[in-house]
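Trainee: Read off the chains here:
Protein chains: 2
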Amino acid sequence: MTIYPVIMCGGSGTRLWPVSTSRTPKQFVNMVSGESLFRQTVRRLAQADDGLSLADPVIISNARYLDLIEEQLAETGITPLAILLEPCARNTAVVAAIAAEFVKGVDPEGLILLLPADHFIGMPDAFRKAVGAAVETAKSGHIVTFGISPDRPETGYGYIKAGEPIGTSAYSVASFREKPDQATAMTYLSDGKHSWNAGIFLFPVGLIQAELRAYAPDILEGAKAAWKASSTRETIVYLDEALFSAIRSMSFDYAVMEKTQKGAVVGPISCAWSDVGTWPAWGGLQTGELASGPILIDTKNCTVHADDDTLVAALGVEDLVIAVHDGAVLVMQKSRAQDVSLVIEALKARGRSDLF
Amino acid sequence: MTIYPVIMCGGSGTRLWPVSTSRTPKQFVNMVSGESLFRQTVRRLAQADDGLSLADPVIISNARYLDLIEEQLAETGITPLAILLEPCARNTAVVAAIAAEFVKGVDPEGLILLLPADHFIGMPDAFRKAVGAAVETAKSGHIVTFGISPDRPETGYGYIKAGEPIGTSAYSVASFREKPDQATAMTYLSDGKHSWNAGIFLFPVGLIQAELRAYAPDILEGAKAAWKASSTRETIVYLDEALFSAIRSMSFDYAVMEKTQKGAVVGPISCAWSDVGTWPAWGGLQTGELASGPILIDTKNCTVHADDDTLVAALGVEDLVIAVHDGAVLVMQKSRAQDVSLVIEALKARGRSDLF
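Going down the list, the sequences are from chains Z and X. For what it's worth, the numbering used here labels the leading residue of the first sequence as 1, then goes sequentially. For what it's worth, the numbering used here labels the leading residue of the second sequence as 1, then goes sequentially.
Treat the hints as calculated values from the structure; they're not laboratory data. Computed from a prediction, not measured in an experiment: that's the story for all the values here. Just so it is clear, CB atoms sit at the ideal spot from N, CA and C, and this is done for glycine as well. A hint or two may mislead.
What the hints assert, rightly or not - Straight-line alpha carbon distances no greater than 30 Å define the calculated BS3-like cross-link-like pairs of lysine-lysine that follow: (1) Lys129/Z / Lys104/Z; (2) Lys104/Z / Lys139/Z; (3) Lys161/Z / Lys139/Z; (4) Lys193/Z / Lys161/Z; (5) Lys161/Z / Lys300/Z; (6) Lys139/Z / Lys193/Z; (7) Lys334/Z / Lys334/X; (8) Lys348/Z / Lys348/X; (9) Lys334/Z / Lys348/Z; (10) Lys300/Z / Lys348/X; (11) Lys334/X / Lys300/Z; (12) Lys129/X / Lys161/X; (13) Lys161/X / Lys179/X; (14) Lys348/X / Lys334/X; (15) Lys179/X / Lys228/X; (16) Lys161/X / Lys334/Z; (17) Lys348/Z / Lys179/Z; (18) Lys300/X / Lys300/Z.
As the list claims (entries may be wrong) - With the Cβ distance kept under 7 Å, some of the chain Z side facing chain X (calculated, not the full set): (19) Met186; (20) Leu189; (21) Ile295; (22) Gly316; (23) Val317; (24) Val331.
What the hints assert, rightly or not - If you anchor each label on the Cβ, the simulated ranges turn out as follows: (25) Arg43/X / Gly327/Z: 28 to 36 Å; (26) Asp326/Z / Ala174/X: 52 to 60 Å; (27) Lys179/Z / Thr184/X: 53 to 61 Å; (28) Asp326/Z / Thr2/X: 32 to 40 Å; (29) Gly327/Z / Ala74/X: 29 to 37 Å; (30) Ala89/Z / Arg352/X: 50 to 58 Å.
Please take these sequences and the hints and turn them into a complete structure.
Mentor: Take a look at the structure:
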């Protein structure tokens with residue numbers, strides 16, 4: 001049974017501004033380990049001799065990123081099975097539905113591995129092993145989500161609570177919990193039952209269509225209509241603009257996972273995962289100090305990123321993010337890392353769309 | 001009796017890095033009011049109809065800044081009487097001695113107005129009036145220093161204490177005091193007798209030579225020898241490298257002013273003076289917020305400077321200096337404004353002389 005990796009790379013957040021912009025979102029930037037997260041994700045899912053039966057990747061993204069996608073795919077040397085292009089962002093429920101339409105046409109018995117392109121996984125082998133461990137559970141009629149072993153009481157993530165065992169390597173999903181408070185996150189960390197929801201899913205094509213029909217039929221029908229009206233050029237599929245735009249925007253977690261009885265969780269997995277969601281999260285992935293790095297004098301607990309042609313010097317400061325990219329400098333208290341969107345709003349008000 | 005303005009512009013400090021560098025020190029940079037402090041100083045001393053009998057300016061600087069000087073003088077439209085070039089920095093005592101050698105050859109009865117090019121004076125007319133008020137005192141055989149009316153208990157400056165009156169507009173110098181502590185500075189601020197030492201002096205040529213002979217004869221003799229061996233091209237004088245380099249490096253304040261019995265002080269003068277000595281001092285001169293300025297969100301008491309092609313956004317920070325120029329970014333706690341030299345040392349250690 002073949003696994004079809006469907007890599008979602010259409011998002012563009014604000015929290016890693018100024019490096020991540022709507023023109024070049026973080027998944028396409030060389031921010032970690034000298035290679036873009038998109039390329040790392042594509043390579044992580046490449047065919048290999050480890051028993052995983054993987055198809056070539058399916059890329060799903062916003063049409064505006066086609067050039068970036070083709071350029072970066074070429075750098076990996078991996079040929080995509082297809083590139084599915086959305087005319088606008090409608091969150092992840094419809095992405096699952098579109099992925100199902102595509103894979104159904106290729107292999108109705110196939111499994112879909114749906115995952116974001118903008119996460120870092122430091123131990124790709126451990127991740128692939130977890131995918132392998134999830135195959136039987138998915139085949140037996142489950143939507144498997146992958147739980148990441150928490151290493152700190154993070155309040156910015158969603159958590160999955162494991163229920164009863166399913167077979168030897170999975171559990172039913174007892175509950176989902178979005179962004180708990182600090183005290184709750186502490187108990188999650190110690191009880192061994194909770195893991196981070198990484199937004200990575202493995203499921204059979206037929207099952208996901210059934211569950212969408214049950215819990216979000218309008219999204220399923222909208223996806224089918226947009227798919228039917230799409231235009232195709234070689235392996236690139238352009239989803240119909242009017243029909244796709246009309247679809248309700250909702251996350252897959254909210255539309256399906258929090259309602260289905262077919263959920264399962266594999267994990268907790270230890271694979272050095274990070275969503276690289278904020279500057280401090282990015283900072284947590286940096287190791288060592290480079291000779292070409294910033295000059296830090298009497299400086300504590302700061303996260304510094306700059307383009308290679310810029311030198312940052314910090315003197316006597318604490319708990320700051322300093323990020324420099326292409327004509328923009330962000331200096332921010334670390335505790336405000338979730339609020340970068342306020343800067344983007346100010347830039348909008350000034351008409352500086354060249355900067356975000 | 002003619003006043004010969006001698007403008008010292010050979011210095012290159014580190015405290016306004018990265019904008020001020022040894023290649024282009026702060027006096028040559030457009031940092032305040034859109035015009036370099038050097039040009040402002042030259043224009044402040046231009047001939048006018050206000051009764052001050054001023055000669056064209058004499059510029060004294062390091063030879064490496066000749067191009068900058070000629071370019072910026074051309075922009076003012078003012079022709080220098082001479083440009084005297086030092087091969088290296090030997091502080092201000094020798095500068096006074098060299099100025100005396102030059103002016104003696106032009107006008108042995110002349111007065112020298114010795115002043116730095118890197119200060120800002122917001123009320124040039126008030127300053128010129130103070131110079132006019134000092135002429136009689138200088139002619140009567142005094143080295144007049146100009147005391148600036150303090151408007152805060154600044155601990156980073158030198159103070160002059162006024163003694164007995166000399167004529168109608170000057171006082172004897174009771175004492176000098178370098179960088180007092182906060183409590184002392186508070187008493188200076190309130191007692192009405194203390195003013196800031198701006199390092200601006202008016203004196204007769206003959207007197208300064210006599211005082212140098214009395215208190216720093218080696219510097220006087222060194223200056224005479226270097227002057228005699230100098231080479232001249234039109235109005236540009238190159239001081240002899242070997243002879244000038246051999247001269248002792250000492251400030252004019254320390255070599256002469258703290259020892260002479262001929263000192264006098266005019267003031268305190270209110271002329272919106274600033275030495276623009278640190279980033280916070282620079283920040284104190286900025287008025288209003290420009291549409292093209294930084295984006296400051298939940299930000300208090302920060303000083304931000306960036307080149308026109310760079311946008312700075314600050315979020316949730318306090319008491320910082322953020323300065324961006326030409327491939328370098330400085331983020332510093334304001335209280336560390338005197339310590340920028342630590343950054344320069346780190347740059348030296350990395351061999352990054354391109355950046356300072």
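Trainee: Indicate, hint by hint, whether the structure satisfies it.
Mentor: Status of the hints after comparison with the structure:
1. Lys129/Z / Lys104/Z: Measuring from Cα to Cα gives roughly 25 Å; hence the hint holds.
2. Lys104/Z / Lys139/Z: holds (15 Å)
3. Lys161/Z / Lys139/Z: Satisfied, since the Cα-Cα distance of roughly 22 Å is no more than 30 Å.
4. Lys193/Z / Lys161/Z: holds (6 Å)
5. Lys161/Z / Lys300/Z: violated (36 Å)
6. Lys139/Z / Lys193/Z: Holds, at about 24 Å.
7. Lys334/Z / Lys334/X: Holds - the C-alpha atoms of Lys334/X and Lys334/Z are around 19 Å apart, at most 30 Å.
8. Lys348/Z / Lys348/X: violated (40 Å)
9. Lys334/Z / Lys348/Z: holds (23 Å)
10. Lys300/Z / Lys348/X: Roughly 22 Å between the alpha carbons, so the hint for Lys300/Z and Lys348/X holds.
11. Lys334/X / Lys300/Z: holds (16 Å)
12. Lys129/X / Lys161/X: Holds, at about 21 Å.
13. Lys161/X / Lys179/X: holds (13 Å)
14. Lys348/X / Lys334/X: holds (23 Å)
15. Lys179/X / Lys228/X: violated (38 Å)
16. Lys161/X / Lys334/Z: Cα-Cα ~47 Å, so violated.
17. Lys348/Z / Lys179/Z: holds (29 Å)
18. Lys300/X / Lys300/Z: Judged against 30 Å, a Cα distance of about 20 Å means the pair holds.
19. Met186: violated (25 Å)
20. Leu189: Violated: closest Cβ of chain X sits about 27 Å from Leu189/Z, beyond 7 Å.
21. Ile295: Interface hint status for Ile295/Z: holds (5 Å vs cutoff 7 Å).
22. Gly316: Holds, because the Cβ-Cβ distance from Gly316/Z to chain X comes to roughly 4 Å (cut-off 7 Å).
23. Val317: Where the cut-off is 7 Å and the nearest Cβ of chain X is about 5 Å from Val317/Z, the hint holds.
24. Val331: holds (5 Å)
25. Arg43/X / Gly327/Z: 28 to 36 Å: holds (33 Å)
26. Asp326/Z / Ala174/X: 52 to 60 Å: For Asp326/Z and Ala174/X the Cβ distance comes to about 57 Å; the hint holds.
27. Lys179/Z / Thr184/X: 53 to 61 Å: With a Cβ separation near 54 Å, Lys179/Z and Thr184/X satisfy 53 to 61 Å, so the hint holds.
28. Asp326/Z / Thr2/X: 32 to 40 Å: Check failed, 55 Å falls outside 32 to 40 Å.
29. Gly327/Z / Ala74/X: 29 to 37 Å: holds (32 Å)
30. Ala89/Z / Arg352/X: 50 to 58 Å: violated (43 Å)
Violated hints for the displayed structure, listed by number in ascending order: 5, 8, 15, 16, 19, 20, 28 and 30.
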